[in-house]
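Two chains, two separate frames, one set of hints: put the complex together.
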Amino acid sequence: MSRHPDTWSRPPFIANPWLRWATYLGAAIYVVWVVTTIPIDWERVAAGVERAGRIFGGAFPPSFERSQLLIDGFLESIRIALLATAGGVLLSVPIAFMAARNVAPLPIFYLGRAIIIVARSFHPVIVAIIFVKAVGFGPFAGVLTLVVYSIGFVAKMLAERIEEIDMGQVEAMRAAGAPFFSTLFYAIFPQIMPRQIGLTIYQLDSNLRASAVVGIVGAGGIGATLANAFGRYDYDFALAITIVIVAVILVSEAVSGYIRKRVG
Amino acid sequence: MLKITDLVKRYDGGEPVLKNLDLTIEGESVVSIIGSSGAGKSTLLRCINRLVEPTSGSIVLNGTELTSLRGGKLRAARRKIGMVFQGFNLVERLTVMENVQSGRLGYISSWAAIMRRYPKKDIRRAYELMERVGIAHYANTRADQLSGGERQRVGVVRALMQDPEILLADEPTASLDPKTSEQIMGLLRDLAGELKLPVLINIHNVAEAKEYTDRIVGMRYGRIIFDDVPSKLDRDAMDRIYSGSPHADRSDTGVAAQ
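For the protein sequence lines, the chains are E and X, in the order given.
Quick note: the first sequence uses full-length UniProt numbering, first residue 1, plus one each step.
Quick note: the second sequence uses full-length UniProt numbering, first residue 1, plus one each step.
Among the hints, a few may not be true.
[As the list claims (entries may be wrong)] Output of the computed footprint for chain E on chain X, the stretches with three or more beta carbons under 8 Å from beta carbons of chain E:
#1 64-78
#2 90-102
#3 110-124
Don't read these hints as lab results, they were simulated from the structure.
Ideal Cβ placement from N, Cα and C applies to all residues, glycine included.
Pulled out of the complex, with its shape left as it was, chain X reads as follows (with noise of 0.2 Å):
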């Protein structure tokens, strides 16, 4: 489980992105989070593995309080929490049973990895995986021979390799076609119920959310304003959602801060 109490990010002193921000994700659920640009979905995301600190705010998984951790206890964390990019970020030269074993760096020692001397298990489980997912005959090639669809298939198994406790993914269809992305969207929700694994997903595109996700978050300006099931989700609350621009929003509550 999942839970995110009162979380707050300011950016060196400017307005918060996210404003005391409650959240909680129980269970083996897949939850999108929409929301228009700079409503802080990524900032949100990124708070749980702490690539971006949060300002204050508690972040709760499975028992472990996760914003006050440091050094090897972060790492051993992050180690539960996969992550899904945009952009892929795979090691475009490497080859894609490195890639793949990448996700798997922080259990292994540097000189392991550094050697290539990959335990049997991880071998076998990478294998697998690859398999599922359809680019096991891919494990010579280097990550930059793939296409987009292709890249993301590593990149979903990279983030399962670390055998991790929740799944993030950030917009991982926005580089793709909207076949592809249909495809990777699937794949992700059927892997969390094959898995048990919760995933939580930023997701720019409202009908793939509504069809893929068991439960929509839409975040506006640093906040919730909608959670629920996607069929409530209708005209209105897409409205509130998506209407006016960040900025319209900032001068807002510049004015209630008065």
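Looking at chain E on its own, in the form it has when it is part of the complex (with noise of 0.2 Å):
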């Protein structure tokens, strides 16, 4: 009878244990050069509480006094997270085909992933400060950049929904002679909807707390109107706008999961 070990342990992540040692010891040498070389002024943090401080003081008690301009900006925010929603959706299902792989041949599969990739470099802010050089202050600016925004995701998400479909129904259809629109309609789009609507639904979500973000370089809605605000040193509106645009995205959140657990 031959004789078995009775220890056995998990082989280490990194098979050599010169690279495994190496590694670990790399990391925390360059932790502790950052931490002793990035310049951390005390004052300064002193200052910047006592700053702190007075904003917050002014901010109480928040003043809903100009409760208009709240309004205004915030349907100005709902109206460019609907519209750039609706454009960025309607951009991203033919630029989704582009990048699945299973469906697009290669040339435009590599078009379609350049175009998620460059859509998705950038952060909205970054994006909006372009597009509000380009078409100048305002919601139009925030529309756009938000359109940018929601191709990066949601064309990304549906390509790899559409690269996981079943091929055997596009092959049933294709044994059937249907065309191509038929087969898009009736083998693809069925298997890809349930997640389309739901990265739709997302998406609105997220448009309307990256309006906010956006709205402060310039690009309108409710992040303008808070911009202004802070500009003004009216730190108690500023307070009543942050209050509501976080209810509101509460809202919205406990709202687009519901339907998306519906859809789903």
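The following block contains the structure:
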């Protein structure tokens, strides 16, 4: 009878011990170097705390006196988000098909992936700054920004879903002699539709949040109202705006979560 | 009549999967193709409706050479070739009626298909066939609600909706339990008779092949090595069809080529 070992340990993540310890040591040294070389000026921290105290002192109690301005800003944000979601999702569908390896020929696939990568590589704030420069202050710049933002997310997720579809259904349509668009609508859309609806609702929610951020750099909506309030040291109004933003986002997230659960 | 001559299929420059294969299906016979996995049964069937591109050779269905067709002409030819699949390949999220009508997609415009405006005679035909196979009461049910046997009935009706000149069935019963499997085989045989339709069935179950089909074609690594009535399929023929492995055959041909 052969003897079997009675101890076992999990194989290490990096097999080579020299490489393993060198990696750990290198990471540790880098962290120490970062902490010791980044200038941390405690005096400035103290001054900042004081300034923050003044801002918050001025912010209480929040002022809803100019609620009309607040409501207008919000309505504009919602309009920006709706328009950007509609435009972004509409553009995302063909781009997603271009970027799905199982349905697009190779050159088209690369083009589709390139569009998605470009749309994803910049934070919406940076995109907003560019569009504000290009088309001027206001909600139009916000819409364009969020269209790009939507494409980056929706097209990417949708392309991944298209790559996962059951090709058997497509094969059945081809075998029946179905033309291109009939195949698309019978074999592919039914498979991706639940994901498409979920993504659209999620993106609407996400665009509403992002519209507040891009407004700060001049792309319209509630963000612009907030930036103006800060600029004029109306901290109490700014706090009122912030409270409403948080409330609206909570509500929109709850609603979008509920709908997505029902659709899925 | 389906006439296959000197058919070769080679994937990406490897060993051919089909080797100079000849096969003729006449009249309304039900023909089964047996052979171990990797023998090329599925590839043969898919070459006929060009889901797989043949490398060379000729496939003629009722006077039409299928191997050279492209675009609209290929689609028109595919309309006349019904196919039933092992995994059913139904559109899970659509209703049974929509699945059945998808067999008509080659005949109606994409717009009519998208708007679900099916011709009256297609709807009547669909009910007729669904009633024939016993699924008419499921017309408005989503395909993913059905059992395996019911799904394959939908698959069969979809293929018949094409008004085909031949029916191909690629392991139509491999995903079904034994009893349902026999029901589907019986249905295919009966429908072939009723509709005067030749049927070509890939199948692993030799007992079913013997019971439900008129002629058995035995394939072994890309060649037809048996082609006769079921009663002639004896122990010896079975051994020749199923013994060894595709791998062993590959090495054999390697030696023979030298």
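We went through each hint and held it up to the structure:
1. 64-78: Three-residue rule met by the stretch 64-78 of chain X, so holds; n is 5.
2. 90-102: Contact hint for the stretch 90-102 of chain X vs chain E: holds, 7 residues under 8 Å.
3. 110-124: Answer holds; 3 residues pass the 8 Å Cβ test.
Consistency with the previously given hints is maintained throughout, with no hint failing.
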